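*Asks:* Each chain, written out:
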Amino acid sequence: MKRFIGFVQKEFYHIFRDRRSLFILFGMPVAQIMLFGFAITNEITNVDIAILDHSKDTSTEEIIHKISQSKHFTIKQILDHESDIEPVFKKGKIKAVLNFEKDFDRNLIKEKSANIQIITDATDPNTANSITNYINAILQNYQQSKNKDIQLEYQVIPQTRMVYNQELKSVFMFVPGVMTIILMLVSAMMTSISITREKELGTMEILLVSPIKPFQVIIGKVVPYIFLSIINAIVIVILSLFIFKMPVEGSMFLLAAESVLFIITSLALGILISTIADTQQSAMMISLMGLMLPVILLSGFIFPIASMPKPLQIISNIIPAKWFIIIIKGIMLKGVGLAYVWKETLILVGMTVFFIGVSIKKYKIRLE
Amino acid sequence: MRTIGYIIQKEFKQIFRNKGMLPIIFILPILQLVILSNAATYEVKNIKFSYIDSDRTSTSRALIEKFNASTYFDVLTVFPSQQQAHSAMLAGEVDVVLEIPNHFERNLFTEKRGELSISINAIDGAAAGVENGYINQIIQSFNQEIKMNFVDTSQKVVRPVLISSTPSFWYNPTLDYKTFMVPGILVLLVTMITLFLSGMNIVREKEMGTLEQMNVTPIRKSEFIIGKLFPFWVIGMGLLTIGLILAKVIFNIPMLGSIVLLYFYTSIYLLVILGMGLLISNFTDTQQQAMFIAWFFVVIFILMSGLFTPIESMPKWAQILTDFNPIKYFVEIVRMVLLKGAGFQEILPQLLKTLAYAVIMNVLAVWSYKKVN
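Protein sequence lines, in the order shown, are assigned to chains R and H.
Just so we're on the same page, our numbering is the position in the first sequence counted from 1, plus 91.
Just so we're on the same page, our numbering is the position in the second sequence counted from 1, plus 7.
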């Protein structure tokens with residue numbers, strides 16, 4: 092035991108001596124969570140649009156005025172001809188053009204109906220769709236104000252409640268995701284590198300012939316990183332509480348316990364990677380190239396898993412981050428206890444056991 | 008010149024000799040492009056819908072039938088009580104709970120108002136907004152039906168005015184997310200591979216001690232750097248080519264613009280990334296440090312590139328920061344050229360910025376590279 096403590100001490104020295112890595116290790120999560128918490132949102136605001144008004148009468152002016160007041164749109168350009176639309180889209184700044192038909196006012200009064208064409212640059216389907224919806228809402232609103240005097244009859248009126256996130260803030264979606272990505276990648280990357288480093292530099296042989304048992308070597312390598320990751324997790328939670336005003340509806344203790352579990356899962360994954368890779372380079376490429384995009388895309392961090400094709404929904408189950416995101420959203424936003432997230436917790440435990448089991452099987456005591 | 012040739016030869020040999028790395032460089036990115044592009048969709052489908060019907064009349068059943076018929080709503084669960092619905096929502100089993108209160112039908116016909124309450128799980132705010140839109144559409148059309156069935160239209164004197172709109176989705180009329188995502192993800196993969204490889208390469212020699220051996224040879228600084236980085240430039244171009252072929256064959260991505268123009272831009276863009284990689288290796292002592300820094304920048308570049316979330320929605324200061332993000336320019340260009348058929352004129356601003364970026368990066372990198380420690 093004393094030997095083991097000595098070994099852990101050595102590992103701590105290693106980490107603390109490398110000031111630059113240490114700075115990155117702690118500075119990075121803080122910088123990233125601040126940046127992303129403020130900057131990443133999939134709401135659509137301040138979209139630049141252009142107007143092509145063939146009528147230029149009171150109604151179209153009223154509608155244009157209403158649109159210009161919306162926080163979603165900025166009217167950047169007034170076009171004169173249909174042929175102007177294509178070049179404007181090709182430049183890429185303007186995302187939509189509103190095309191008012193001729194004699195808009197007259198049609199509205201005489202025929203009781205008038206038409207607007209909403210042309211969107213649909214290379215980004217999400218933005219195009221949202222723009223169309225927002226403009227339709229504005230048009231609906233205008234139409235209602237015109238129809239004020241007419242009593243509408245027999246109406247079903249929905250009272251909608253947005254549960255867990257009344258203001259539809261996207262921070263609630265992204266902060267748990269960013270926290271997960273940082274914990275997962277930092278933990279997996281650091282352990283895999285620090286173990287393969289010893290292999291590559293040849294010092295692993297020295298450790299193996301020492302009286303410390305092989306599993307002690309591995310645990311000794313991992314312990315310092317557990318501490319570092321826990322500190323990172325604490326910093327991230329504090330930032331999300333005080334700066335992004337994320338609630339913690341559930342138990343703080345459960346949140347801490349689940350975070351430690353997830354850190355251990357990620358470290359176990361790092362150990363597994365280090366048994367597969369021989370050089371630091373391949374360890375890093377596996378943990379960076381292999382983990383980064385799948386974790387970002389398949390964890391439900393940005394894109395809803397329920398909308399993905401079935402095979403991908405199945406694949407997403409093997410991403411530990413997916414389960415952790417469900418757990419922290421549950422604890423922080425819904426205020427659930429272990430009774431609701433025991434299944435996800437069990438899956439993470441199972442994954443950890445699996446990673447460690449495979450690593451032990453593949454771990455070579457002898458070097459070729 | 009001959010020296011450069013030899014160094015390049017050596018580097019290529021080293022890359023291709025490392026059998027463990029080859030699949031990571033070539034197969035992993037391709038697999039990710041093919042598989043993960045399907046995951047990146049903001050479409051909201053398969054909404055888990057549930058209801059509590061306390062009214063149990065033909066009207067309430069007709070309303071539920073409308074939800075049933077919609078393709079957006081997936082599973083219909085009935086809950087006898089609010090508690091049960093609430094706990095199902097907590098467990099994440101349902102997204103939407105519709106509650107039809109007692110006397111819904113009676114109120115609708117006597118007071119001309121029938122109230123419903125709807126709860127939507129809004130943790131994903133954007134999806135909740137879309138779900139709310141779908142629900143409102145269904146209720147609107149339900150209202151229309153009631154009007155048609157129960158109101159004597161001949162009585163009406165004043166017709167309401169109607170403003171209709173015709174949406175027209177240019178460049179991507181079916182709103183296919185893959186058209187949008189595949190080119191962007193390809194750009195990401197090319198960037199990540201070239202940055203990670205070049206960032207690690209020289210620092211690896213430093214760590215192994217072989218860099219000193221190189222430094223005592225008569226190879227000049229510029230020859231060494233060009234020889235080191237050129238192979239990664241080739242790999243980047245190669246990946247782009249494979250990716251474009253797959254994008255065409257598997258995803259049938261439209262390629263309206265000039266492919267030559269895209270290659271021309273990429274050749275300059277890769278210089279930015281390679282310069283950045285070299286700069287990282289100059290300022291670090293170990294591969295571990297180099298990777299941390301590369302990782303730090305790559306995560307920021309990816310999430311602030313406009314690839315997954317729109318840049319226009321970011322606060323002003325963040326938008327200014329994105330001007331320093333090379334991936335942003337590449338994502339813009341690849342979408343403009345492939346999907347909209349933009350030409351040299353249209354991409355000129357981005358091209359010039361990238362060129363300036365490349366010059367600055369490489370000057371800094373070469374200047375900070377020292378043969379003598």
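Be aware that one or more of the hints could be misleading.
[To be verified] Distance condition first, Cα-Cα at most 25 Å in a straight line; then the derived PhoX-like pairs of lysine-lysine: (1) LYS360/H with LYS401/R; (2) LYS193/R with LYS203/R; (3) LYS185/H with LYS162/R; (4) LYS167/R with LYS360/H; (5) LYS239/R with LYS201/R; (6) LYS26/H with LYS453/R; (7) LYS260/R with LYS55/H; (8) LYS290/R with LYS20/H; (9) LYS323/H with LYS336/R; (10) LYS255/H with LYS101/R; (11) LYS181/R with LYS167/R; (12) LYS239/R with LYS260/R; (13) LYS377/H with LYS290/R; (14) LYS55/H with LYS434/R; (15) LYS401/R with LYS185/H; (16) LYS290/R with LYS55/H; (17) LYS203/R with LYS181/R; (18) LYS213/H with LYS228/H.
Calculated directly from the structure, the hints in this document are not laboratory data.
As the structure is a prediction and not an experimental result, all values here were calculated from the model.
*Asks:* Does each hint hold? Answer for all of them.
*Replies:* Comparing the hints with the structure gives:
1. LYS360/H with LYS401/R: Violated. LYS360/H to LYS401/R sits at ~42 Å, over the 25 Å cutoff.
2. LYS193/R with LYS203/R: holds (14 Å)
3. LYS185/H with LYS162/R: violated (29 Å)
4. LYS167/R with LYS360/H: holds (23 Å)
5. LYS239/R with LYS201/R: holds (18 Å)
6. LYS26/H with LYS453/R: holds (19 Å)
7. LYS260/R with LYS55/H: holds (21 Å)
8. LYS290/R with LYS20/H: Distance of about 23 Å is within 25 Å: holds.
9. LYS323/H with LYS336/R: Holds, at about 21 Å.
10. LYS255/H with LYS101/R: violated (54 Å)
11. LYS181/R with LYS167/R: holds (15 Å)
12. LYS239/R with LYS260/R: violated (33 Å)
13. LYS377/H with LYS290/R: Violated, at about 29 Å.
14. LYS55/H with LYS434/R: With a Cα-Cα distance of about 20 Å, the restraint between LYS55/H and LYS434/R holds, given a limit of 25 Å.
15. LYS401/R with LYS185/H: Judged against 25 Å, a Cα distance of about 16 Å means the pair holds.
16. LYS290/R with LYS55/H: violated (50 Å)
17. LYS203/R with LYS181/R: violated (36 Å)
18. LYS213/H with LYS228/H: Satisfied, since the Cα-Cα distance of roughly 15 Å is no more than 25 Å.
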